[in-house]
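Q: Mind docking chain H on chain U? Use the hints.
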Amino acid sequence: MARRYDSRTTIFSPEGRLYQVEYAMEAISHAGTSCGILAVDGIVLAAEKKTISKLLEPGTSSEKMYKVDNHIACAVAGITADANILVNNARLQAQRYLYAYQEPIPVEQLVQQLCDLKQGYTQYGGLRPFGVSFLYAGWDDKYGYQLYQSDPSGNYGGWKATAIGANNQAAQSILRADYKPEISLKEAMNLAIKILSKTMDSTTLNSGKLEFAYL
Amino acid sequence: MSIMEYNGGAVVTMIGKNCVAIASDLRFGVQSATISTNNPKVFKINDRCFLGLSGLATDIETLYEKLVFRVNLYKLREERDISPRVFSNMVASTLYEKRFGPYFTEPVICGLEEVDGVLKPYISATDLIGAPVYTDDFLMTGPCNPALYGMCETMWRPNLEPDALFETVSQCLLSSLDRDAISGWGAMVYLITPENVTVKKLQGRQD
Chain U
1 MARRYDSRTT IFSPEGRLYQ VEYAMEAISH AGTSCGILAV DGIVLAAEKK TISKLLEPGT
61 SSEKMYKVDN HIACAVAGIT ADANILVNNA RLQAQRYLYA YQEPIPVEQL VQQLCDLKQG
121 YTQYGGLRPF GVSFLYAGWD DKYGYQLYQS DPSGNYGGWK ATAIGANNQA AQSILRADYK
181 PEISLKEAMN LAIKILSKTM DSTTLNSGKL EFAYL
Chain H
1 MSIMEYNGGA VVTMIGKNCV AIASDLRFGV QSATISTNNP KVFKINDRCF LGLSGLATDI
61 ETLYEKLVFR VNLYKLREER DISPRVFSNM VASTLYEKRF GPYFTEPVIC GLEEVDGVLK
121 PYISATDLIG APVYTDDFLM TGPCNPALYG MCETMWRPNL EPDALFETVS QCLLSSLDRD
181 AISGWGAMVY LITPENVTVK KLQGRQD
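Note that the protein sequences, when read in sequence, are chains U and H. For the first sequence, the numbering used here begins at 1 and goes up steadily by one. For the second sequence, the numbering used here begins at 1 and goes up steadily by one.
With the rest of the complex left out, here is chain U:
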């Protein structure tokens, strides 16, 4: 029954669902876990790398973590090629804002602009949505440290702690249990490692499989 309504992104199914968007989220659920934790004095982003091979050239660009501007970083889960396009766009938006207003872009503004872009691909154009979810960690002088999550539909929310990618439900339930609002950055980093060790498939946890970023 769904067959008739899922080849075009820009139509609803009879049940009121956008299948292409849901299929994009399905793609992300196979990607390496990324989690973000908001602490009193900073934010931690931690992610599990999926492409690990002895043959991989080390030291070249990161797979999961990207700097968007001096005050904003993001973690990615999903199709890396799609993520590159969106991160590049985010960087341009941040610089345009800086050029126009001579002050750093507020975090939520950046998230909104990216999400507006993603939403466009669910309503017009006939192109498939981006298969990426983001965790944005940033600081501005109005709201301090902030953590946001966005998905292929263009929805976003502000979070104290959250996870995206494979096993994110397991990660979120651990976070629900262990997260405290007064958590410090150091404790948050330990908690992030604990989350990833529980959600990762591999039995051994080593530094080669993780990427960390903190603000």
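Derived from the structure by calculation, the hints contain no laboratory data. Owing to the predicted nature of the structure, the values given are computational and were not obtained by experimental measurement. Take the hints with a grain of salt, since some may be wrong.
[Unchecked claim] Distance condition first, Cα-Cα at most 27 Å in a straight line; then the derived DSSO-like pairs of lysine-lysine:
no.: 1; chain 1: U; residue 1: Lys198; chain 2: U; residue 2: Lys180
no.: 2; chain 1: U; residue 1: Lys198; chain 2: U; residue 2: Lys49
no.: 3; chain 1: H; residue 1: Lys66; chain 2: U; residue 2: Lys67
no.: 4; chain 1: U; residue 1: Lys194; chain 2: U; residue 2: Lys67
no.: 5; chain 1: H; residue 1: Lys44; chain 2: U; residue 2: Lys67
no.: 6; chain 1: H; residue 1: Lys120; chain 2: H; residue 2: Lys75
no.: 7; chain 1: U; residue 1: Lys49; chain 2: H; residue 2: Lys75
no.: 8; chain 1: H; residue 1: Lys75; chain 2: U; residue 2: Lys209
no.: 9; chain 1: U; residue 1: Lys50; chain 2: U; residue 2: Lys67
no.: 10; chain 1: U; residue 1: Lys160; chain 2: U; residue 2: Lys180
no.: 11; chain 1: H; residue 1: Lys66; chain 2: U; residue 2: Lys142
no.: 12; chain 1: U; residue 1: Lys54; chain 2: U; residue 2: Lys194
no.: 13; chain 1: U; residue 1: Lys67; chain 2: H; residue 2: Lys75
A: Chain H in isolation, oriented as in the chain U frame:
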């Protein structure tokens, strides 16, 4: 009255032994009226690269902000600081984009360029539409040019140590400022060595 002489200003840069210096005056004026005496025209791009801009004040500000935009993206994408030589090219192409309606500024770029693992002094300048010039002694820009040329040609010698270079640049600039009605009110001098960057504010004739 030329558009390049509307706001006044002077910027000079010199190469020394393993160091570079760049200096500008501090005046911001509207033709004969001086509005501010705290308007340096040298901007830091990164620890190893500095930009001096003279000419129309509004274009100095806009061009600088545009270049910051491009340099920030360069740094995010390439994950390294931009080198003076590459930055020079970026300035030249940015100016040429406005070939038939240019920014009325003539930039001067200076810094330390890494060549085979060693830091070498580098200076370059462009005209308002991006024609570059590279030398190994000194360069200057602004309506104070004729006076600066005379002073620099006389005073500059190759391989000046940092202290001597600082003295030379400062004296050349201060004397030249006295010969130009629309530049002056003190100077700001940056001395760049591989170890650090020092900034000094000079008190000149306050007229």
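Q: Each of the hints needs a verdict: does it hold here or not?
A: Hints and how they fare:
{"no.": "1", "hint": "U:Lys198 with U:Lys180", "result": "19 Å, holds"}
{"no.": "2", "hint": "U:Lys198 with U:Lys49", "result": "15 Å, holds"}
{"no.": "3", "hint": "H:Lys66 with U:Lys67", "result": "20 Å, holds"}
{"no.": "4", "hint": "U:Lys194 with U:Lys67", "result": "24 Å, holds"}
{"no.": "5", "hint": "H:Lys44 with U:Lys67", "result": "22 Å, holds"}
{"no.": "6", "hint": "H:Lys120 with H:Lys75", "result": "21 Å, holds"}
{"no.": "7", "hint": "U:Lys49 with H:Lys75", "result": "24 Å, holds"}
{"no.": "8", "hint": "H:Lys75 with U:Lys209", "result": "26 Å, holds"}
{"no.": "9", "hint": "U:Lys50 with U:Lys67", "result": "20 Å, holds"}
{"no.": "10", "hint": "U:Lys160 with U:Lys180", "result": "9 Å, holds"}
{"no.": "11", "hint": "H:Lys66 with U:Lys142", "result": "26 Å, holds"}
{"no.": "12", "hint": "U:Lys54 with U:Lys194", "result": "25 Å, holds"}
{"no.": "13", "hint": "U:Lys67 with H:Lys75", "result": "10 Å, holds"}
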